[in-house]
Amino acid sequence: MSYRISVANIERCIGCYSCMFACSRLRFGVVSMAKSAIQVKSAGGIERGFVVVVCRACVDPPCAKGCPTGALTPRPGGGVTLDESKCIGCKSCREACIVGAVVWDEESNLPIVCRYCGFCTKFCPHNVIVFEPIGRELVV
Amino acid sequence: MTDPSLYNVLYIDLTEGRYEVQERKDLFEKYLGGTGVAIKLLEEECPKGVDPLSPENPIIFAVGPLTGLYPLASKTVAMFKSPLTGNLGESHAGGRSAAAIRFAGYGAIVIKGASKTPVYISIYNDQVRIKDATALWGMRSSYAVGRVLREVEPGAGKRTIMRIGIAGENLVRYANVIVESYRHFGRLGLGAVFGSKRLKAVVVAGTRSVKVDDAKAYAKVYEEIYKEVVGTEVMSKYHVLGTAENVLPLNAIGALPTRNLMQTRFELAESISGELLAEKYLVRKIACTHCPIGCIHLASLRIAFAPGHEYETLIVPYDYEPIYALGSMLGIGSADGLLRLIEKVDGLGLDAISTGVAMAWATEAYQRGLITDKETMGLRPNWGEDVDVYIKMAERIARRANEFYSALADGVEVAASKYGGLDFALACGGNEVPGYHTGPAALVGFLTGMRHSHLDSAGYSIDQRALRALMTDEEMVRQLVEEERFRNVLTSLVVCLFARGIYKLERVAKALEPLGTKVSPEELLRLGAEIVRTKAAFKAREGYDPYRLRIAKRFLETPTPLGRLTEERIRNMIKMYVEKAGLSDVYAPSSRG
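First to last, the protein sequences are chains R and Z.
Residue numbers for the first sequence follow numbering that gives the first Met the number 0, beginning at 0 and rising by one.
Residue numbers for the second sequence follow numbering that gives the first Met the number 0, beginning at 0 and rising by one.
Okay, chain R solo, but in the shape it has when bound (with noise of 0.2 Å):
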């Protein structure tokens, strides 16, 4: 069974990002707003709430297709995995994925890509994001 991070209950946003820096420390050990695969901005002025982007971990990622090297790979159940040693850094999966869920790290120059752990999920004071198996949508 694999799992995703899905945003559950997006009105009900604060904006706090404590998802995105829960993400930056455990994947890169430091505390960062950029260095982060769940990404959280206003809807367009802060009266409208929020949005949060995160990998929807597809059956058939665009991201993997459009990558020339192989360096992103389909996961078995939806997803994909990022084997950085392929990786030239030409951003064909940033530009293939239209939710905007393939983050840029400017330092390494390569894609933050979704690992699917949810502990992110784990700092979200309010149930926005959920970790659930793919395919079985929770009822929250």
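Take the hints with a grain of salt, since some may be wrong.
[To be verified] Derived pair list, reagent style DSS-like, types lysine-lysine, alpha-carbon separation capped at 30 Å: (1) Z:Lys226 x R:Lys121; (2) R:Lys85 x Z:Lys210; (3) R:Lys40 x Z:Lys226; (4) R:Lys121 x Z:Lys210; (5) R:Lys90 x Z:Lys210; (6) R:Lys40 x Z:Lys284; (7) R:Lys121 x Z:Lys503; (8) R:Lys40 x Z:Lys215; (9) Z:Lys210 x R:Lys40; (10) Z:Lys219 x R:Lys121.
These aren't lab readings, by the way, just hints derived from the structure by calculation.
Just so you know, these numbers come straight off a predicted model, no measurement behind them.
Put chain Z on the given structure of chain R with help from the hints.
Just chain Z now, kept in the frame of chain R:
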């Protein structure tokens, strides 16, 4: 060691159109950051006796070692010489400001000089640009300014947009700076200092990472704090009703200043209470960056503007202080009216507290015949009777529409000195008072606090403890001094003061350790005392004298829950404060001329 990006101080000179970055490890190592570093920078950059609205007055923004790294370390400290009080100007705001400054790679920003034409500053990591803001100058609402800059500046989701309204442009001495639409560097006139530099806005965004010394230990302390913030009751009141929760309890004990403090209970308090606003108007709660609490309460107000179901909808932030200043102080008991007035005052870029207190004085002065229709330009303020009168009055203050409104724009004390009515002009140390007529500790705190704010030493909370168990004046003053020192530690880190229950000094020491700073709780408290002392020295240098403070009669005439106060008692407590705070030499009689 601490991530060295914190030591970077960005100096911007608007006269020369230049900037440079200096490493100021010396300051951050000794004073942590925030208020501690800002007061040292102010000492360095602000010449003695300078006109607060001249190019020589610097604007300083500072964040600290915990900024961005821990939950609720979400505030930026601004420091400047106040155009309202003529001495220390210090104001704090959240939004995204603190995280944006830190992740752009700075611990502090110093803005000096003045531009000849309207400009805004755009900071994106190490790119610093001074850009033309002609088209933004004179824009009707501060909200609109944000909308424009959102479109043209980079860093969506990570940036802060600080801007002034027309009040700041017109140098209203209590004009504020609005951050992310709903947070404010509210008090003491930072907006006027922006205006005097023709600085319309500052946009900051950053994509840098901050490294910690011990990532494992950091994650552990982080989770401990996060769990306490989210999983316990320590902070829940700030999320549930927010600060508006205070309206009814303060009203119940007779401490809610009403109609310019002629009364302390408002018969319509229920209808502007946190409970009512939450039930009927609240539509969203939002947070400052890295705060999982989310105390910012947004109300939605639907207004019919023409027949035929024509509606406009306003989204209005509310908190206790604007409810007091623009509600009970003006006798406004309709939530619709109150929200419309808050929205107007925010849009103009006026500080809500000062504006409310000034308009409350104007109402009483008008009723007593000290001012007439000539001064008010035909407005007839009569407490809550007509909210539109106050909406127009706020607009006229922001535009300095005539000599009278221009005096009001200089502060309630200036207006009352000119037109009479000082006895009921409710300012302490030149700053219009916050909404707590709780007793002697609050009043002494307003008079002696470094910012003349309820947030300096929280006297209102000491008074409320004294209501439950008898307390001597000496004990009250002791608590004021201790609280002020503690808070100066928190605001150096910089932690939101609402999280003071989470960030006890032992916890602060523990949070600093994985970042590479070893310090004991005792050392922290000593540092707090030293920072207070440095601020007091700046205040004394610029003419503040605790022995010669004006105490408006109204504070003494209107009983508090702890009884009627006497001038002798308050002056005696001020003396005690100076001694207990160890400021006798700073506020020495010889400095009184």
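Hint check:
1. Annotation: proposed proximity of Lys226 of chain Z to Lys121 of chain R holds, straight-line Cα distance about 10 Å (limit 30 Å).
2. A hinted pair counts as satisfied when its Cα atoms are at most 30 Å apart, and Lys85 of chain R with Lys210 of chain Z qualifies at roughly 27 Å.
3. About 24 Å separates the Cα atoms of Lys40 of chain R and Lys226 of chain Z, which keeps this hinted pair within 30 Å; it holds.
4. Among the hinted pairs, Lys121 of chain R with Lys210 of chain Z is consistent with the structure: their alpha-carbon atoms are about 22 Å apart, no more than 30 Å.
5. This hinted pair checks out: Lys90 of chain R and Lys210 of chain Z have alpha carbons roughly 26 Å apart, not beyond 30 Å.
6. Pair hint Lys40 of chain R plus Lys284 of chain Z holds up; C-alpha atoms about 15 Å apart against a cutoff of 30 Å.
7. Restraint check for Lys121 of chain R and Lys503 of chain Z: the C-alpha separation of about 25 Å stays at or below 30 Å, so the hint holds.
8. With a C-alpha separation of about 28 Å, the suggested pairing of Lys40 of chain R with Lys215 of chain Z holds against the 30 Å cut-off.
9. Between Lys210 of chain Z and Lys40 of chain R the alpha-carbon distance is near 23 Å, which keeps this suggested pair within the 30 Å criterion.
10. A hinted pair counts as satisfied when its Cα atoms are at most 30 Å apart, and Lys219 of chain Z with Lys121 of chain R qualifies at roughly 14 Å.
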